[in-house]
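Asks: The chain contents come next:
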Amino acid sequence: MSKRRTVVIPPHLTALVQAPKGADEKEPEFGRFKWSLARRLVVYMWRHRGVQLWVLFYAVLLAGVNSALPVVITETIRWTIESPQKLKDTFNITPFQGLGIGAGIVALLAVAFYIVMGIRLIVINRLAELVVYDIRHDLFAHVQSLDMSFFDRTKLGRILSRGTGDIAAVRNAVVHVIPRTVLHTLMMVFLFAVMFRYDVVLAFILLGAVPVVYLANTFFDRRLTTVYRTVQESFSRITSNIAETVSGIRVTQAFAREHINAALFEGLCQDHRRNNMRAAHVHGLYIPMFELCFAVATVLIIVVGAWRLEQGHMSTADLIGFLLCIGGFFMSIIIIADLYNITLQAMAGAERIFALLDTRPQITDKAEAESLPRTGNGARIEFRNVTFGYTAERSVLHDVSFTAEPGRTIALVGHTGSGKTSIVSLICRLYAHQSGDILIDGRPIQNITLASLHSQTGLVLQDNFLFTGSVMDNIRFARPDATDDQVRAACLALDCLEVFEALPDGLLTDVGERGTGISLGQRQLVTFARAMLADPRILMLDEATSAVDTFTEYRIQLALEKLMQGRTCIVVAHRLSTVRRADQILVLDHGRIIERGTHDQLLAADARYATLYNEFIRLTSEG
Amino acid sequence: MPPPSEETEPSPNSMPLGILLRRLFALAWRHRAIAFCAGLITIALQLLAILGLSGQGIAIDLIHHRASPDAPAPKWPFGFAPPADWSFMRQVLLIGGFILAITLITSVFRYFGRVVDELFVQQCVVDLRTTIYDKLQRLSFRFFDTHDTGQIINRVTGDTQAVRSFIQGVMVRSVVAFASLGVFLVFMLKQHAMLTAACLSVLPFQVWMMVRYGRKTKPMFTEQARLVDVLIHHFSESIAGVRVIRAFGREKETVAKLDSKSADARNQRISIAKDQGRYQPLVQATNMLAQAALVGYGGYLVLIGEGAGGIALGTLWIFRGLLEQLAGQAEAIVQIIASTPEALAGAERVFKLVDEPVTITSRPNARTAVADQPLAVAFENVTFGYDPERPVLRDITFSAQPGETIAIVGPTGSGKSTLLSLIARFHDPQAGRVTIGNTDARDWELHALRRSIGVVFQEPYLYSNTIRNNVAYGMPEAPTERINDAIAAASATDVIAEATNGLETVVGERGISLSGGQRQRLTIARAMILRAPILILDDATGAVDAVTESTIQQSLDRTEAGRTTFVVAHRLSTLRRADRIIVLDKGEIADIGTHEDLIDRPGHYRAAALIQLALNESENLDASEVQP
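Residue numbers (our numbering), protein chains in the order written: chain H, -1 to 621; chain R, 22 to 649.
The set of hints was computed from the structure by calculation and includes no laboratory data. Just so it is clear, the structure is predicted and the values come from calculations on it, not from any experiment. Wrong hints could be hidden among the right ones.
[What the hints assert, rightly or not] With a cut-off of at most 30 Å between alpha-carbon atoms, the simulated BS3-like pairs for lysine-lysine come out as follows:
#1 R:Lys96 / H:Lys84
#2 R:Lys282 / H:Lys153
#3 R:Lys278 / H:Lys153
Construct the entire structure; sequences and hints are all you get.
Replies: Printed below as a string of structure tokens:
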């Protein structure tokens, strides 16, 4: 143990121990029961109605087996122990033989139970997986069809939780709610019928206990769920604190802040301990609840049963029958009460999933849309008085007009937020513009089918996004049917094949979002090769700002030059060399084009571009 | 998010089981008073259960005797018998009251049992967690370089949970399981040994079966979790990369790929269900078989009567009840058996972390004052390697005068970051020494040394916290003014201006997303706020564009009053400002000099500089700089 410094933690840091400010607000775990949601879920299940039917069939069988057990035991006791004489008179067998038959039937029930229960488990899981697969498919496909604006306003975590937590809640409903409701309702009915048969009065007295048990359980179940959620939350705070501590350990040690962190962590641990203790108190009250209800029922059966027996309405065997039935009867009530909460959780999940599925994309193919013919080197792109904003109220592009002739390069220059990226996004039709016309080869962009447009566009992003998989997979992404040789040819054309082949596993080296073993510069080259393989007529390029080491930078520039040949290129430029090579430079400021021309023309004009350029030169070369 | 893969933990030189168990018990022993309480409550609960069941048994005998007078009269326990003049109903009511009373007492015990149990576990775990955390923070970079982040996190969360489950699941619960088994067994054997044997004969079979089931399905469930992780990973990627997918028109392929991953998870889950269906119902089914034995053999014993070695009907009922309770214990034992290896493995990893030696520590009588005067830094014949056999730095000697700016250049892997990491003593050299202000770095108190140095790492790590707390990380009490100064010095004022809540905006994983350049500037501000006499910039401006980099450099120049600065950079504009440039190559100093010196000499620096000049096509630069 190290000596602990006494630490005074500033109040704004302790506040973060309680709840990370600005963290995602929690989505409600319980929803309200809605028939419309239930109906849609049933539609999914209806597709697999064959399996569903088997699920129901086995639920009925299982309820039968479970209810038969107390009856068989009770009747065995009745015939052999209570009235052996009657057994002899009726069936002409000894009580010992009777016992053998009773035990034999119980053993048969055990076998039946094993078979029915086993098959039921298999069938239920099968149904759940089939349904979940269908929902997942719809979710995946729908997400891919949604507008970019959806992704702008929805956090990744939110979308993911549709595919994780929410689907799990729905799966729970499929696995548990419907089959168990059927099973346990049937069991309650069967067992009640048995008790009713043994003694009417006692049966009805016990029926009065049903709402008490049900409500008590529902109440505690809710509280337990809530209290355990606080435990989960404080634990996840601990986990994320540790995750941060480990990933940020260099910063911590560099700034010698270990003692403050330790004090904060201890605070989190104590908080978690308190939550755990609170949960233990609630749970401690909950556990004996069932036991108490059960004991009250047992005493009722004994006392009322004895009284009914005195009056000649009941026998000892009837009373034992009650005692045997009551356990299963109560258990069924409790399970059904639990199902209520599971149902509400599933409702919350289903509601969010369906809300996502109901989000309609704005950008879709019109009925009269035609495909864009592939002609010549590069497309002609024309913006006519285009106005666009991510929200209708705030435009980021105002009245933008320009023309990119086939095969030419246009460089977009301007400060962050001046609208450069928006122009690129509009050409890909990732967003719909509000007014004006965007023409590709003279056709309005909204009259071109999205598939044909996208088959002729290529995009290289600043963040060099790569998918999990090999370098080869990532390049081939642009054209899934390309052969290995075609991929190689694309790399060769960019003069970067040997760069990839020098990687640990060559073109088969694995990369990923934070791919290790491949440098920033190499990642950029992969995205170039990807665009090269797609062989688009329109290439859009958002140049990376980062500085890579000088030799790689050299390679990148050479590859870039080759990539841009023979296509219409729209470049969000950060490199001076790119800007200088462009056929036309558009200088953007707050969504307007304020200057246009070639590098030399703009320098000669001695306006904004010249100022930007000179500032750049001065800053980057001053000693 | 790296693609999830199967975690195969290498466990070289594993800890002997004896030592492991001893340490676990030692941990629990510290909280023995509460553990003892928990044990007592457990045994009391078992006795109460028997009492309650006995009440039912007597009631049944009483009623059976009343209904068929030739059946034996109830045997009252403890020599107690109700007065002879009590009516039948009065006796029944007495028993009913007794059962209720026992249940009430049981409830109270259950409640306290649960609370005490949790108290015990929590005390052990909080203890352990804070110990590990403390350790974790003091381990050297070496440890974090060689261990996977996810695994380290798991040590403190998952593996501590494993220790918890060992203490709670194995130590506590096995006491419960064996106490109840013992108490029940003694009671049952006393009633009827043969019937006990007949009923309990299924127990070993159940345990064996369930252990087998656990062994068989555990890897399958692990695989299922992995398949789902893979699916979610791809789903996440399909959202993160949606622009790329759109621009290349690859939506269909993406969905098809997701579907195939989804089908993998589905098919595997269905195949797990087949095993579940085969094994899971076994326990309940064999319990029913035990009931068959109870009915057949137990009924026979009731028939032959107590006089001939049989039992009363009430006793049969008690047996049935105990059997039901024991069925639950079988599952508990299975749980214990199944969880033990895993819990022990977790505990072993936890103890290994606790035992990990802290290599970088302060010496006694070390220099404790945080420096506010300019400091010189010198490397004297420093050799260092993460693996001592393979030095990354060899025989490095140079010195930086107070206030100098030293730039370090060299190809990837030449040891630039490693060299810088020795200054703040993130590692100790194997040979030679590093002196800070003419004192060996090892003779500084670690805290004082590091507070004298502002470090900006290559990877711009920000905490999921407000910008304020991130910038003031090393100085939580800093006034807003000082924070704003630091932000201005790092040219990051625009980051704050764009953020929705200014300084209070949450950044990092849970907050708004910043570009690499913005993050880097905030980390520079974080170092600037210390106003430390030494500043280390380890490729801290790689992700910012050239103009911003120059702006930052200029403001650093302005604010540096006698600050000794070390900087790794690629851009000539930055390198030119340095007082001296150290060219590293394969861990050795290839050259030292000013930009003007180095550009004249053939070598790595000149080559790199020439390419950069060519790329920038900077005709405005004086040609004489390029051509000597």
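Asks: Which of the stated hints cannot be reconciled with the structure, identified by number in ascending sequence?
Replies: none
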